[in-house]
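*Asks:* Here's the letter readout for the chains.
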Amino acid sequence: MDAFYIILTASLFSISCGLLGSFLILRKMAMVGDAISHAVLPGIVIAFLMTGTRDSFDMIVGAAMLGVFTTFLIEFFHKRARLQTDAAIGVTFTWLFALGIILISLYAGQVDLDQECVLYGEIAYVPLDLWITQTGLIMGPKAIYVALFILLVNIGFLMIGYRNLYMTTFDPAFAASIGISVSLWNYLLMGAVSMTTVAAFDSVGAILVVALFVVPPATAYLLSHQLKTMMWLTVGFSIFISIVGYYLAVAIDGSIAGAIVTIAGILFAVVFLFAPGQGIFRSKTKQTQDATIEPNLFERENLT
Amino acid sequence: MEVLIEFFSFQDPNVVSVVVGAILLTASSAVVGTFTFLKKKALVGDAVAHAVLPGICLAFLLSGNKNPFFLIVGAFITGWISLVLVDTITARSKLKEDTAIALILSVFFGLGILMLTYIQHTGNAAQTGLQSFLFGKAAALVGQDLWVFGIVAVILIVTVVLFFKELTLIAFDEHFAHAIGLPVRGLNLLLTSLTVMAVVTGIQAVGVVLMAAMLITPAAAARFWTDDVRLMTFLAALMGAFSGLSGAFVSYTAPTMPTGPWIVMIISMIAIFSFFFAPARGIISNTVRQRNQQAQIMQENLLKELYRLGEKEENHFQERSVQELIEKRHFPKRPLKAALRQLKRRGYLTHHHGLWQLTQNGKAKGRRVVKLHRLWELYLSKYMKIEPDHVHEDAETIEHVITPELEAQLEALLDYPEVDPHDSKIPY
Amino acid sequence: MKVDAKDVAVEFHDLTVSYDKKPVLWNIDMTLPKGALIGIIGPNGAGKSTLIKSAMGLLPLSSGYVRIFDKALDDVRRWVSYVPQRETVDWDFPTSVLDVVLMGRYARLGLLARPKKEDKEIAMNCLQKVGMEAYSKRQISQLSGGQQQRVFLARALAQEADLYFMDEPFAGVDAATESAILEVLQELTAQGKTVIVVHHDLQSAAEFFDWIILLNMRLIASGPIDQVFTNEYLQEAYGGKLTVLSEVSELIKKRRLPSREKY
Chain A
1 MDAFYIILTA
11 SLFSISCGLL
21 GSFLILRKMA
31 MVGDAISHAV
41 LPGIVIAFLM
51 TGTRDSFDMI
61 VGAAMLGVFT
71 TFLIEFFHKR
81 ARLQTDAAIG
91 VTFTWLFALG
101 IILISLYAGQ
111 VDLDQECVLY
121 GEIAYVPLDL
131 WITQTGLIMG
141 PKAIYVALFI
151 LLVNIGFLMI
161 GYRNLYMTTF
171 DPAFAASIGI
181 SVSLWNYLLM
191 GAVSMTTVAA
201 FDSVGAILVV
211 ALFVVPPATA
221 YLLSHQLKTM
231 MWLTVGFSIF
241 ISIVGYYLAV
251 AIDGSIAGAI
261 VTIAGILFAV
271 VFLFAPGQGI
281 FRSKTKQTQD
291 ATIEPNLFER
301 ENLT
Chain B
1 MEVLIEFFSF
11 QDPNVVSVVV
21 GAILLTASSA
31 VVGTFTFLKK
41 KALVGDAVAH
51 AVLPGICLAF
61 LLSGNKNPFF
71 LIVGAFITGW
81 ISLVLVDTIT
91 ARSKLKEDTA
101 IALILSVFFG
111 LGILMLTYIQ
121 HTGNAAQTGL
131 QSFLFGKAAA
141 LVGQDLWVFG
151 IVAVILIVTV
161 VLFFKELTLI
171 AFDEHFAHAI
181 GLPVRGLNLL
191 LTSLTVMAVV
201 TGIQAVGVVL
211 MAAMLITPAA
221 AARFWTDDVR
231 LMTFLAALMG
241 AFSGLSGAFV
251 SYTAPTMPTG
261 PWIVMIISMI
271 AIFSFFFAPA
281 RGIISNTVRQ
291 RNQQAQIMQE
301 NLLKELYRLG
311 EKEENHFQER
321 SVQELIEKRH
331 FPKRPLKAAL
341 RQLKRRGYLT
351 HHHGLWQLTQ
361 NGKAKGRRVV
371 KLHRLWELYL
381 SKYMKIEPDH
391 VHEDAETIEH
401 VITPELEAQL
411 EALLDYPEVD
421 PHDSKIPY
Chain F
1 MKVDAKDVAV
11 EFHDLTVSYD
21 KKPVLWNIDM
31 TLPKGALIGI
41 IGPNGAGKST
51 LIKSAMGLLP
61 LSSGYVRIFD
71 KALDDVRRWV
81 SYVPQRETVD
91 WDFPTSVLDV
101 VLMGRYARLG
111 LLARPKKEDK
121 EIAMNCLQKV
131 GMEAYSKRQI
141 SQLSGGQQQR
151 VFLARALAQE
161 ADLYFMDEPF
171 AGVDAATESA
181 ILEVLQELTA
191 QGKTVIVVHH
201 DLQSAAEFFD
211 WIILLNMRLI
221 ASGPIDQVFT
231 NEYLQEAYGG
241 KLTVLSEVSE
251 LIKKRRLPSR
261 EKY
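Protein chains in written order, with the numbering used here: chain A, 1 to 304; chain B, 1 to 428; chain F, 1 to 263.
Since the hints were derived computationally from the structure, they do not count as laboratory data.
Mixed in with the good hints there might be a few duds.
[What the hints assert, rightly or not] Derived pair list, reagent style PhoX-like, types lysine-lysine, alpha-carbon separation capped at 20 Å:
#1 F/LYS137 <-> F/LYS117
#2 B/LYS40 <-> B/LYS165
#3 A/LYS79 <-> B/LYS40
#4 B/LYS344 <-> B/LYS425
#5 F/LYS137 <-> A/LYS228
#6 F/LYS22 <-> F/LYS254
#7 F/LYS117 <-> F/LYS129
#8 F/LYS253 <-> F/LYS22
#9 F/LYS137 <-> F/LYS116
#10 B/LYS333 <-> A/LYS28
#11 B/LYS41 <-> B/LYS165
#12 B/LYS382 <-> F/LYS2
#13 F/LYS34 <-> F/LYS2
#14 B/LYS337 <-> B/LYS425
#15 B/LYS344 <-> B/LYS363
#16 B/LYS333 <-> B/LYS344
#17 F/LYS34 <-> F/LYS71
#18 B/LYS312 <-> B/LYS328
#19 A/LYS28 <-> A/LYS228
#20 F/LYS6 <-> F/LYS71
#21 F/LYS21 <-> F/LYS254
#22 F/LYS22 <-> A/LYS79
#23 B/LYS385 <-> F/LYS2
#24 A/LYS79 <-> B/LYS41
#25 F/LYS137 <-> F/LYS120
#26 B/LYS382 <-> B/LYS425
#27 A/LYS79 <-> F/LYS21
#28 B/LYS96 <-> B/LYS41
#29 B/LYS40 <-> A/LYS28
#30 A/LYS79 <-> F/LYS253
#31 B/LYS337 <-> B/LYS363
#32 B/LYS96 <-> B/LYS39
#33 B/LYS96 <-> B/LYS40
#34 F/LYS6 <-> F/LYS34
#35 B/LYS312 <-> B/LYS363
#36 F/LYS2 <-> A/LYS79
#37 F/LYS253 <-> F/LYS21
#38 F/LYS116 <-> A/LYS228
#39 A/LYS28 <-> B/LYS96
#40 F/LYS120 <-> A/LYS228
Can you make the complete structure from the sequences, with help from the hints?
*Replies:* As structure tokens, then:
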């Protein structure tokens, strides 16, 4: 039963991350996702100190605000201080992550978090933290409910926002021309990413959550021609890596989150190398494509 | 305070080695980071930093001990592989660079964590301390380790100094470097190797997770203080070294504190301070400069209006009250008073019994603004075919911007005209 | 030289636009007629794309305004279509040709409303008009440059607008696509719709358009082709930037002034 609980929790979180991650990688914002996942750490510690719980709704929302603030801060450094984007991302997230680790060390006695947990979570303990109702009924591990709730929120968000996210991702100028607010949808997506990161943090840690955002959708992207196919494949991969990863971890007695990510990496490698039209076959297709690209003789005046 | 004195008296021989080590490690990565920053490849360093973890674990698994030489080799190999993979994925699939970096970074780190936890659970006694690679521990750097990493750091710095010119050029303009016959491929290879080596040494101080900061943040901070690459590299090294020193101090006084986060916190504070307060590029100085400019524009407008009133009444030295100025030219009261006071201090106006009067200097200055305004109006209508009724607004701004050189150019271009498009006389 | 339009589709009033505080368009003031095929011509960096982007509200204006059909953009957005430059989007995006064209219908649908059968039919019709109906299921990365441009055109058609802004639709397309696009544009104007096209090739410009806007950071000329497409104006447009103007632009950027002062 424990194995089932752990695999279920991992799958639910991976699916949430993977669905949002599909949009992140198509928006070329994978590294912003990485930055958010690091930067929510101080938010988690502070929210934990204030609310005293790790999985209440307030705590998740409070900590997630810091993720949105991170996106804002990166933009602020980029626009107001005119710092190049990659450096703005790098400076912001390392700073906030360092702050989080320092806070954990300072409040080591009061915060039920340690440095290892920050890095790779403790999904193995999921079955131990049970939700028991006031009447004494055992409802099963709390984490599963949190994961399920987050997944439902994300699915709701994506169902309502699918079309606008799709348009602002593919062609932001066109989307703006028909009156869709590009920055609003950007911040909504970042909000969802932050919230999911915070919720998944307990189980997989701040850094490995990035792998769940990026690796399954990137693998699915190589195999699909339709955004919806890509998202369905991502769901499938998320479940697959959760199951296989769990048993790998059990087999060699290592971190479950680490094993899940390792399996995700191996899956990506296989697809990259052997998928039709990709990997080792891709070199050919890319060359023929290059040949059809016309010389770029016209202006790119916006770049001046 | 006592601890501070104790620390800096260097009585404890351990302190000396820790300080030397921390400074060398952080300074060398800051120096190398300057070039990855300038090449706009800052985040690649993050991928390398995470990717060295499995290398370290693998080296430990194979050798069974923590010999720094093996660990460096292992880290160097996986660090390199990660960079090659990022390039391969970007070049040979439709995935973009940011996805490739995030993917390689997280997968290698996941693999590293899996191996690290595996090693921990095997109960091998020699493994204790491998974790310090995660968040760094400057104080633990003693004996053989110090020598090995110290030497590597010195080699890094010396290499950068030797190839400074070439590295600057490939960071600035690779095509040009290629055109003048520099071995661009070789130099890029060198820079990549330097980056990997800088990461491998730097993680001793700050750890894998935050290593990216040691490459990016000092360079980003230094960039705000200078436009000169040499000075920038030097400043980055200095800032890096200072944060390393502080980290060593924290490590010494509070052994339970992780060193890496403190070093990163200090360098980040330096960087954020620079973003706001650096004299030429900082946010605050930009705002202050803009405010000063607004004030100056206000003063110039005031002199201009005084001149124009004088022109109309054919008496430039007429004394006027604040009330009159507000009535005739609609200046907002408070900025007007501030501007009047400023102009008096600078000798453009005099003030008697509540009345203001232009001085000779003030009249000349007002005349110049009026002249520039009218010259620009003429330029707009003559060369840009803009209707005379649309030129005034534009000239309101441009009159404050034109330099004496441009003024001369405009005069020559328009052939020292007599009147502007509204038939007002252009004063010389 | 400026000819005022009789039946006005778009009015630019004293428009100044800056990128990063540096003015790239100065005091554009003109009116454009309804039902015309209008070309915006000028050298590189003249601000051609900037002009239509600012008309679509995609860039902040330093001063002036744009009115479309004598209304503010937000009141008539439904009737205005914008076609960005082809290479501003990632053609590796996992989506099909038909989905891209359907985007043209989304502006009319609510947040949750799904495209109806009718919308799909319109989208297919538009694909047919540009000769791409056989490709509707294709993934967009498999298209050639010319085909990509046709898909963008089909999306614009699906919007059923009255005014079209197109950024370089003829750039880097094959001859067959060029004539196919031109045919569609001419058909649109024949129906009384207005089409405004950024164009970089002088030679074909003479054949394509009925009305020409010559631009080089400032408006050189705007009017019917026979009055504007003269050696004199072309030379003025292509004779390099005005040095004084560019220097002043640089100065404004360096001092980070707002290009219009405010009290």
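*Asks:* Which constraints among the numbered hints does this structure fail? Numbers only, ascending.
*Replies:* 4, 10, 14, 36
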